[in-house]
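Novice: Protein sequence lines correspond, in order, to chains A and X.
Our numbering puts the first residue of the first sequence at 2, with every later residue one more than the last.
Our numbering puts the first residue of the second sequence at 2, with every later residue one more than the last.
Among the clues, some could well be false.
[What the hints assert, rightly or not] Here are some, though not all, of the chain X residues that point toward chain A, as calculated from beta-carbon distances under 7 Å:
| no. | residue |
| --- | --- |
| 1 | K35 |
| 2 | S37 |
| 3 | T40 |
| 4 | R64 |
| 5 | P65 |
| 6 | T69 |
| 7 | L73 |
| 8 | F79 |
| 9 | G81 |
| 10 | G308 |
| 11 | F309 |
| 12 | A312 |
| 13 | H316 |
| 14 | V320 |
| 15 | E322 |
| 16 | L324 |
Derived by calculation from the structure, the hints in this document are not laboratory data.
Each residue gets a CB set at the ideal place from its N, CA and C atoms; glycine is no exception.
Number of protein chains: 2
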Amino acid sequence: MFEIVKRDGRARLGRLRTPHGDVETPCFMPVGTKASVKTVLPEELKAMGYRMILCNAYHLRVRPGDETVRRLGGLHRFMGWDGAILTDSGGYQIFSLLKTRTIKPEGVEFLSHVDGRPLFFTPEDVVDIQARLGSDLIMPLDYPVELPAAPAQTRAALDITLDWLGRSVRKWRQAPAGALFAIIQGGLSKELRKESVERSLVHDLPGAAVGGLSLGESKAELLEVLDYTSAMLPEAKPRYAMGIGTPSDLARAVAMGVDLFDCILPTRYGRTGWAFTSEGVVKIRNRRFAEDGGPLDPRCACRCCRGFSRAYLRHCFNVREILGPALLTHHNLSHYAGVMRRAREAIAAGRLAALVGGADAL
Amino acid sequence: MFEIVKRDGRARLGRLRTPHGDVETPCFMPVGTKASVKTVLPEELKAMGYRMILCNAYHLRVRPGDETVRRLGGLHRFMGWDGAILTDSGGYQIFSLLKTRTIKPEGVEFLSHVDGRPLFFTPEDVVDIQARLGSDLIMPLDYPVELPAAPAQTRAALDITLDWLGRSVRKWRQAPAGALFAIIQGGLSKELRKESVERSLVHDLPGAAVGGLSLGESKAELLEVLDYTSAMLPEAKPRYAMGIGTPSDLARAVAMGVDLFDCILPTRYGRTGWAFTSEGVVKIRNRRFAEDGGPLDPRCACRCCRGFSRAYLRHCFNVREILGPALLTHHNLSHYAGVMRRAREAIAAGRLAALVGGADAL
Chain A
2 MFEIVKRDGR ARLGRLRTPH GDVETPCFMP VGTKASVKTV LPEELKAMGY
52 RMILCNAYHL RVRPGDETVR RLGGLHRFMG WDGAILTDSG GYQIFSLLKT
102 RTIKPEGVEF LSHVDGRPLF FTPEDVVDIQ ARLGSDLIMP LDYPVELPAA
152 PAQTRAALDI TLDWLGRSVR KWRQAPAGAL FAIIQGGLSK ELRKESVERS
202 LVHDLPGAAV GGLSLGESKA ELLEVLDYTS AMLPEAKPRY AMGIGTPSDL
252 ARAVAMGVDL FDCILPTRYG RTGWAFTSEG VVKIRNRRFA EDGGPLDPRC
302 ACRCCRGFSR AYLRHCFNVR EILGPALLTH HNLSHYAGVM RRAREAIAAG
352 RLAALVGGAD AL
Chain X
2 MFEIVKRDGR ARLGRLRTPH GDVETPCFMP VGTKASVKTV LPEELKAMGY
52 RMILCNAYHL RVRPGDETVR RLGGLHRFMG WDGAILTDSG GYQIFSLLKT
102 RTIKPEGVEF LSHVDGRPLF FTPEDVVDIQ ARLGSDLIMP LDYPVELPAA
152 PAQTRAALDI TLDWLGRSVR KWRQAPAGAL FAIIQGGLSK ELRKESVERS
202 LVHDLPGAAV GGLSLGESKA ELLEVLDYTS AMLPEAKPRY AMGIGTPSDL
252 ARAVAMGVDL FDCILPTRYG RTGWAFTSEG VVKIRNRRFA EDGGPLDPRC
302 ACRCCRGFSR AYLRHCFNVR EILGPALLTH HNLSHYAGVM RRAREAIAAG
352 RLAALVGGAD AL
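Isolated chain A, as found in the complex (with noise of 0.2 Å):
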């Protein structure tokens, strides 16, 4: 299932099989957490050179409902992406972003985030889920928890996500329908990191994803429990940071031997007027902008920056005009293809080093 095709350092380039296609690692996956990558159209991502999304087995399961996808042949039917695509359990949204939630021997029992009617979610449940809307990578119902955590409550909530795993496997492996990740926690603990990659590894899954990061520790503690955490990891297997990052963390990432990320930072800061271009940050609602005629990004080569200028996209903002965010979308997402395809050509010319070391200007 998963090739590595070349190394440079811990890097690797490699090439991941699913049943809607390879995907070439390292590669960022777009958010699409409701079965849209928000204002993007599926065959805009193609053109971008993405070849694998991230939707949200939650979200889908409250609205439009997994049975309904199902019926309607498939997620990917359903969204008219036929790329591969990775469910996320929804851990994260019940344990980080609910505020109320009862942990009971069978699952976990929450309210949904719409209408407040109560759910109740078994580790079996989810993986039924991801299997009913035909997802190529499945992830596990896992506890992360906010960091900083008290040791105590890491320990508590490495425990369930272990146990969690274990019936999620036993479910799995009744009917495999796309690839099992185990998800490793532990906050920002090397040694619970460690027991819960050991504990994982018994399972041997297709591959294993990073999480529990990006909840509220440092950038410093975030890179360094990434570090150690994929050093821990199967060599053979795809390593997935979940919910990372920036296009410097990405690099730097890379360079530990990460092979997957995900994250909402350039969908979400498109939409509130943030780019990511080669010249850093341009936030550009700022009023700087306003006769600028200059592209957003003077070295991208997007349909954002080659057709509309600074000044025109801040007028969308100002005016509120979808445009404005939808463009600023496909602009942060093409510049991330780019970060990726750029990390993926220096792997292949055993040059990451020198992409890491500039990684700030990425």
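Using the hints, position chain X against chain A.
Specialist: Okay, now just chain X, sitting in the frame of chain A:
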């Protein structure tokens, strides 16, 4: 500037020459009030077959400012649209949408709809604004009245409109940038409409628009006024019905010899979940589409209908994903482009009557 290629009854197949390319008529102009056709890129409009769009001088004066647009190379370059642009003057906005305004001998005083700052427009200003924008077709400041209106009010508004037209023409003749049209007012009064036509025609302008419709009158009244007013307009020049209408309205107006149209319906309806289809209006939020895997319009080949199901479109509206409004807008504009194409083909074949006979199904 305007050439009639073929006639079918009162209908005409024509070619309008503009500094930004030829436009085949009858022609519908998508509305891009603030220099953006909401959710749609210029390249998409072109792919649908559009060659002319409408923007609004008043809105662009307020934000980003006509001087800013001029310094940035004009409106076409600003918004990335290399086809033709007609700008409306803002008379409709000032008189029909704003609650307070004061007419003075020089012009009209009112408060900005954005920040309440006082603004003052003279007819000369409005010609200047459109010259700065670089519009291909220019509309004079006019005074439309909401219907029904007292005869004295309609009379007074017409006198002001005619006075302003004279001043607009004098200003415009000094440096005729785009093609200035007269706007015919006169409410529902045949007599006043006739007077408006006669006193406007003395200026021998490149074209004439029928204004003051879609302002509270019934559909029958609208079509009646349009019918007798357009019949009085010169044969050899383009006729423009402002702010009209549904697909069936368009077909009927084409049969009356109207050449140009604009309307917010396809874009606004698209954003609110209403689609014009070959099977009538589809309200996509309806529960019965929840598991409907078919296209929005089985007889449409647009990007929306080719790529997405009714169930997916409904889902996008349900979870407030922008792709929903964007795809429905795309479809509606494609549908309108198709209706106009069919009207032009019907005139060319001498079969417009058949199209108009089935107009309710358009």
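Novice: Give a verdict on every hint.
Specialist: Status of the hints after comparison with the structure:
| no. | hint | verdict |
| --- | --- | --- |
| 1 | K35 | holds, 5 Å |
| 2 | S37 | holds, 4 Å |
| 3 | T40 | holds, 5 Å |
| 4 | R64 | holds, 5 Å |
| 5 | P65 | holds, 5 Å |
| 6 | T69 | holds, 6 Å |
| 7 | L73 | holds, 5 Å |
| 8 | F79 | holds, 6 Å |
| 9 | G81 | holds, 5 Å |
| 10 | G308 | holds, 5 Å |
| 11 | F309 | holds, 5 Å |
| 12 | A312 | holds, 5 Å |
| 13 | H316 | holds, 5 Å |
| 14 | V320 | holds, 5 Å |
| 15 | E322 | holds, 4 Å |
| 16 | L324 | holds, 5 Å |
In summary, the structure agrees with every hint in the numbered list given earlier.
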